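S.K.: Dock chain B against chain A, hints included.
Number of protein chains: 2
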Amino acid sequence: MENFTTKASAQPLKNADELIDSVETFIFDCDGVIWKGDKLIDGVPQTLDMLRSRGKRLVFVTNNSTKSRKQYGKKFETLGLDVSEEEIFASSFAAAAYLKSIDFPKDKKVYVVGEDGILKELELAGFQYLGGPDDGGKKIELKPGFLMEHDKDVGAVVVGFDRYLNYYKVQYGTLCIRENPGCLFIATNRDAVTHLTDAQEWAGGGSMVGAFIGSTQREPLVVGKPSTFMMDYLANKFGILKSQICMVGDRLDTDILFGQNGGCKTLLVLSGVTSLSMLQSPSNSIQPDFYTNKISDFLSLKAAAV
Amino acid sequence: MENFTTKASAQPLKNADELIDSVETFIFDCDGVIWKGDKLIDGVPQTLDMLRSRGKRLVFVTNNSTKSRKQYGKKFETLGLDVSEEEIFASSFAAAAYLKSIDFPKDKKVYVVGEDGILKELELAGFQYLGGPDDGGKKIELKPGFLMEHDKDVGAVVVGFDRYLNYYKVQYGTLCIRENPGCLFIATNRDAVTHLTDAQEWAGGGSMVGAFIGSTQREPLVVGKPSTFMMDYLANKFGILKSQICMVGDRLDTDILFGQNGGCKTLLVLSGVTSLSMLQSPSNSIQPDFYTNKISDFLSLKAAAV
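Quick note, the sequences are listed as chains A and B, same order.
Number 245 in my numbering belongs to position 245 of the first sequence; there are no gaps in the numbering.
Number 134 in my numbering belongs to position 134 of the second sequence; there are no gaps in the numbering.
Extracted from the complex, chain A is given alone in its bound form (with noise of 0.2 Å):
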């Protein structure tokens, strides 16, 4: 994680459109922002369209990784949102592309502690994956002078959200990246919180990478937010400018502060996680360019503005 300058105090959003007439890009995280759970937020496709007619790229950013780009797709689909998988990054795909861009070598294998996403993304870019969801119900017989062996051309461990996290798991993946010789220890994200249904909150990622770090004692590469690999990878493939973007989301810690780590705009909405109260206590030091209320926000201080 890079450091940051403490900012000054963020500032109410009073005029968007001059907010979405000085970028190109926007990004959004989705939980908070533009659903909370199974429900779309208020406005948000009315939102979306008005951008896209303003000739706005839109792009949806998610430190989920269960699903992959095409699995989240559906997520849109049946709120009714017309989003395309290509504008869709999640940090299953983050893991591929990852790998990609660092042209690791197709006869090297990947052993993933993740669900389904992380594997249909790796499958899509080429790679050859073992672990996930087969490994969920593996159990250590421990005999004397037993030993677990493991796969010496694994080059990498992928550890993402795995709700069948085992004992088996931790000790294939610790044993990868303590003996295979290189072996890389990438995680898609290390949120604390997740939301796997919206009655409370849920141990996140940060889990699941925790026990990896314990066992291995050694730090993992963050291709989620908030290290700059989707924000760098978005920038390239696009070709704009990270000052051309702005990232909106609900959390302070991942969605601001990945925005600020990558060089954009940043805009906190209070649809999520987030409250103003927290915004402003003391304690925080992580300070967005603008907060306002939701996303739609955007159609009615649009209107006040003109």
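A few of these clues could be false.
When chains are identical, the list treats them as one kind, so a pair holds in a single copy or across two.
[What the hints assert, rightly or not] With a straight-line Cα cutoff of 30 Å, these simulated DSBU-like cross-link-like pairs (lysine-lysine) come out:
#1 K120 with K139
#2 K143 with K120
#3 K56 with K106
#4 K138 with K294
#5 K120 with K138
#6 K14 with K143
#7 K75 with K108
#8 K294 with K106
#9 K74 with K39
#10 K237 with K75
#11 K75 with K143
#12 K265 with K139
#13 K143 with K39
#14 K56 with K139
#15 K120 with K75
#16 K56 with K70
#17 K139 with K36
#18 K265 with K242
No wet-lab data here; the hints were simulated from the structure.
Everything numeric in this text was worked out from a predicted model, so none of it was measured.
M.R.: Below, chain B alone, put in the same frame as chain A:
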């Protein structure tokens, strides 16, 4: 973990008599010092007999939390060693002793992520507990709106090595730590490696603890080595000065650091995981007072000195 100042390079033990005369108590780590896996290290029974005959107090300390003192005592018995339960300090016992030391309320409960040893010690100490092996087969059913209930009376979560770690336990313990006011987060140890079998290194208690650090973003209170809790407890219980203790172990970052943090004399034995070249490597900053091949060198070095 306390800081320690870099000490002068370790000296080979030349005069065991002098060391033995200078201390009242020997604290031995077990694996790599007393036994390796299921095999007793040469000369151990004779060495312990000699020390007892010279009036030395012997204490056996282990970060293993899967067994209680009583269960651990059986391992000594099986190997033909005459060691009493009261001489054994396992981190399972340390967790219960810690709760006693802070007068943890008897109407509060302890949620256990770990194996049988912790439960047994909590029971002996008169504490209420839940979790442990009972939660090993539990799964989370992810219906929309599903909420995991947790016991609001849980006032401490104890995390130790657990072959049956699963997401249910991670979420349950995380809810207790995050949502029950004042709930303690106690780790029996943070060892990266443990010795389930002697055929390879196995991911240790550090991986279970790491999972909870990742989801709670809190640091645990560690009761096992290298934290000084057990040393303080021993010094209090037996009324001994720490300078009158020699800590004997095979690991620099747990055993020797434990001894140094506690202000004791330290002796590294090379019969476990640490080799002479590791000790003398420039990257190693932990220097015991003395080192020797194995504890039975006490016998020969004694003879030589006479």
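S.K.: If a hint holds in the structure, say so; if it doesn't, say that too.
M.R.: Status of the hints after comparison with the structure:
1. K120 with K139: both (25 Å within a copy, 24 Å between copies)
2. K143 with K120: Between copies only: 24 Å across chains, 35 Å inside a chain, cut-off 30 Å.
3. K56 with K106: Result: close neither inside a copy nor across copies, 36 Å intra and 61 Å inter.
4. K138 with K294: Neither, since 44 Å and 39 Å both go past 30 Å.
5. K120 with K138: both (21 Å within a copy, 27 Å between copies)
6. K14 with K143: The answer is neither: 68 Å in one copy and 40 Å across copies each exceed 30 Å.
7. K75 with K108: Classified as neither; 33 Å inside a copy, 43 Å across copies.
8. K294 with K106: Neither. Shortest intra-copy (44 Å) and inter-copy (48 Å) distances fail the 30 Å Cα cut-off.
9. K74 with K39: within (14 Å within a copy, 58 Å between copies)
10. K237 with K75: So K237 and K75 pass the 30 Å test inside one copy only (24 Å; across, 61 Å).
11. K75 with K143: For K75 and K143, only the inter-copy Cα distance (16 Å) is at most 30 Å; the intra-copy one is 46 Å.
12. K265 with K139: The answer is neither: 48 Å in one copy and 42 Å across copies each exceed 30 Å.
13. K143 with K39: Result: close only across copies, 15 Å inter versus 50 Å intra.
14. K56 with K139: This pair counts as neither: shortest intra-copy Cα distance 51 Å, inter-copy 44 Å.
15. K120 with K75: Intra 16 Å, inter 48 Å, cutoff 30 Å: intra-copy only.
16. K56 with K70: within (22 Å within a copy, 69 Å between copies)
17. K139 with K36: For K139 and K36, the Cα distance is within 30 Å only across copies (25 Å; inside one copy 36 Å).
18. K265 with K242: Close inside one copy (8 Å), not across copies (58 Å); limit 30 Å.
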